[in-house]
Amino acid sequence: MLKGIITLLVFQFLGECFVKLFSLLIPGPVIGMIFLLIFLILRKGSFPSLDTAIATHLKYLPLIFIPTAMGIITQFDIIAKEFWAILTSLVIGTILALAFSSKLMDYLIVKQEEES
Numbered sequence: 540m541l542k543g544i545i546t547l548l549v550f551q552f553l554g555e556c557f558v559k560l561f562s563l564l565i566p567g568p569v570i571g572m573i574f575l576l577i578f579l580i581l582r583k584g585s586f587p588s589l590d591t592a593i594a595t596h597l598k599y600l601p602l603i604f605i606p607t608a609m610g611i612i613t614q615f616d617i618i619a620k621e622f623w624a625i626l627t628s629l630v631i632g633t634i635l636a637l638a639f640s641s642k643l644m645d646y647l648i649v650k651q652e653e654e655s
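For the sequence shown, the positions run 540 to 655 when our numbering is used.
Worth flagging that the hints you see were computed from the coordinates, not collected in a lab. Ideal Cβ positions, reconstructed from N, Cα and C, are used throughout, including at glycine. You can trust all of the hints, since none of them are fake.
DSS-like cross-link-like pairs, simulated, lysine-lysine; straight-line CA separation at most 30 Å:
#1 Lys583 - Lys542
#2 Lys583 - Lys650
#3 Lys559 - Lys542
#4 Lys598 - Lys583
#5 Lys583 - Lys642
#6 Lys542 - Lys598
Taking CB as the label site, the calculated pair distances span:
#7 Pro587 - Thr633: 30 to 38 Å
#8 Pro606 - Arg582: 31 to 39 Å
#9 Ile611 - Met540: 29 to 37 Å
#10 Leu579 - Ile611: 29 to 37 Å
#11 Leu548 - Leu581: 18 to 26 Å
#12 Lys559 - Leu629: 27 to 35 Å
My request is simple: use the sequences and hints to build the entire structure.
As structure tokens, then:
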């Protein structure tokens with residue numbers, strides 16, 4: 540499991556360095572996840588210690604939502620003022636994500652059937 544945690548930290552560090560180097564507005568951990576995805580695609584799979592580390596972290600994922608909920612409570616006046624903009628972006632973002640995901644699944648299913 541230690542190797543998996545170190546792998547996650549290395550990719551987060553690389554993402555942070557990339558963001559600082561190119562002065563991007565995207566969070567470093569997001570770039571790190573993209574780098575990890577590319578690494579896993581090139582490697583053609585994961586390894587057991589990484590799987591264990593990820594499963595352990597996912598067990599505690601709900602704890603991340605507690606600060607978010609507190610932020611919503613403390614910033615209620617700002618959220619109320621920008622309600623329609625937030626709602627519109629959430630709806631459009633959800634529709635775009637669903638459309639992209641469905642097209643990707645169609646493509647992957649067709650590709651898998653061609654290989655079989």
